[in-house]
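Enquirer: Sequence lines, in order, name chains A and B.
The opening position of the first sequence corresponds to residue 1 in UniProt numbering, with each subsequent residue numbered one higher.
The opening position of the second sequence corresponds to residue 1 in UniProt numbering, with each subsequent residue numbered one higher.
It is possible that part of the hints are untrue.
Stated by the list, open to error - Over the 12 Å line for every Cβ pair with chain B, so calculated as not near, a few chain A residues:
| # | residue |
| --- | --- |
| 1 | 5 |
| 2 | 30 |
| 3 | 37 |
| 4 | 53 |
| 5 | 69 |
| 6 | 89 |
| 7 | 128 |
To be verified - Among the chain A residues that face chain B by a calculated CB cut under 10 Å, a handful are:
| # | residue |
| --- | --- |
| 8 | 15 |
| 9 | 19 |
| 10 | 29 |
| 11 | 38 |
| 12 | 86 |
| 13 | 87 |
| 14 | 107 |
| 15 | 113 |
Honestly, the hints are just simulated from the structure, not real lab data.
For each residue, glycine too, the CB sits at the ideal point set by N, CA and C.
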Amino acid sequence: MDYSNLRRQAASMKKSLFDQGYLDEQFCQVEDLQDEASPNFAEEVITLFFKDSARLISNIEQALEKYPKDFNKWDAYMQQLKGSCSSIGASRMKSECMSFREFCGQGNVEGCMKSFQKVKREHGVLRQKLEAYFQLLRQAGPAGAATRPGM
Amino acid sequence: MSTMAVPPEPPHVLAVDDSIVDRAVISRLLRSSKYRVTTVDSGKRALEFLSLDSNVHMIITDYCMPEMSGYDLLKRVKETAELREIPVVIMSSENSTARIRMCLEEGAEDFLIKPVRPSDVSRLCSRLIAR
Chain A
1 MDYSNLRRQA ASMKKSLFDQ GYLDEQFCQV EDLQDEASPN FAEEVITLFF KDSARLISNI
61 EQALEKYPKD FNKWDAYMQQ LKGSCSSIGA SRMKSECMSF REFCGQGNVE GCMKSFQKVK
121 REHGVLRQKL EAYFQLLRQA GPAGAATRPG M
Chain B
1 MSTMAVPPEP PHVLAVDDSI VDRAVISRLL RSSKYRVTTV DSGKRALEFL SLDSNVHMII
61 TDYCMPEMSG YDLLKRVKET AELREIPVVI MSSENSTARI RMCLEEGAED FLIKPVRPSD
121 VSRLCSRLIA R
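Okay, chain A solo, but in the shape it has when bound (with noise of 0.2 Å):
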């Protein structure tokens, strides 16, 4: 298997998630506190995100139906999303976030309500993204996370 090329392959697919917006420096910054002793420490902690940001979402989807016009409440569901989102430099997903929470403070239910759809699309395709960027990575070996993306 030509190691040196999945290698090449990941990083170029990492330079595209950057330069489309999905990842900020804040990914490198995870990705960088790997080490020997936490090799894989960037998937695990992005797997953690996945799936607290899947139930942080439904939250928010529940909040939306049972507490209409609840725009507090929902302002605080997604900051705790947003701040997930900033932690791991999911660049898009966090300006969705910050969308939606300019709608709550204009008291725009339907922006709310279409800018959670965003977030939710924005959180799929930055799933797919990241779990194709980490199986590429696990392919490639141990080296295969040492680059940084021409920025």
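Once you have looked at the hints, place chain B on chain A.
Expert: Okay, now just chain B, sitting in the frame of chain A:
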């Protein structure tokens, strides 16, 4: 017979955050700076832990948490004789001047904007060693 030098105990940090993702990241950040780390998910659990083990060299806590905020935790620590000397660092994703001032006036050691960087942790480490 020579005495083996015992390596000093690494400083023990109690990290408090209701976000499982943030706990993982801050914990890893601190461990990579050679701290010993205990994480809890709430101010209430932090106080429970401290009542059993006050051998903590620093508390680093998220500001925005349900039931007991990081600010409330800071106040409780500073009001408790056995705990008040423990430096408390607040983390927040909101860069609010009023919030920062309020925490520093209440005795917070530092106020970090999330996401926390390795350079933030290095700075804390230097200050802890200097104490």
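Enquirer: Interface hint check: residue 107 (chain A), Cβ to nearest Cβ on chain B, cutoff 10 Å. Holds or violated?
Expert: 20 Å, violated
Enquirer: Given residue 86 (chain A) was flagged as interface, is its beta-carbon under 10 Å from a beta-carbon of chain B?
Expert: 6 Å, holds
Enquirer: Since residue 89 (chain A) was said not to touch the interface, does its Cβ keep a gap of more than 12 Å from each Cβ of chain B?
Expert: About 8 Å separates residue 89 (chain A) from the closest Cβ of chain B, which leaves it inside 12 Å; violated.
Enquirer: Mind checking the CB of residue 19 (chain A) against every CB in chain B and telling me if the closest is under 10 Å?
Expert: It is violated, given that the least Cβ distance between residue 19 (chain A) and chain B is near 21 Å, above 10 Å.
Enquirer: Test the statement that residue 69 (chain A) is away from the interface with chain B: the closest C-beta pair must be farther apart than 12 Å.
Expert: At about 21 Å from chain B, residue 69 (chain A) clears the 12 Å cut-off, so the statement holds.
Enquirer: Please verify that the nearest CB of chain B lies beyond 12 Å from residue 5 (chain A)'s CB.
Expert: Non-interface label stands for residue 5 (chain A): nearest chain B Cβ at 30 Å, farther than 12 Å.
Enquirer: When the nearest CB of chain B is found for residue 87 (chain A), is that gap smaller than 10 Å?
Expert: 5 Å, holds
Enquirer: Grab the minimum beta-carbon distance between residue 30 (chain A) and chain B and tell me whether it stays above 12 Å.
Expert: Nearest chain B Cβ is 7 Å from residue 30 (chain A), so the label is violated.
Enquirer: Please confirm whether residue 128 (chain A) is truly not at the interface, meaning its C-beta sits more than 12 Å away from all C-beta atoms of chain B.
Expert: 19 Å, holds
Enquirer: Interface hint check: residue 38 (chain A), Cβ to nearest Cβ on chain B, cutoff 10 Å. Holds or violated?
Expert: 7 Å, holds
Enquirer: Per the CB criterion, is residue 113 (chain A) less than 10 Å away from chain B?
Expert: 24 Å, violated
Enquirer: Please confirm whether residue 53 (chain A) is truly not at the interface, meaning its C-beta sits more than 12 Å away from all C-beta atoms of chain B.
Expert: Given a closest Cβ separation of 8 Å, the condition is violated.
Of the numbered hints given earlier, the model fails hints 2, 3, 4, 6, 8, 9, 14, 15; all others are met.
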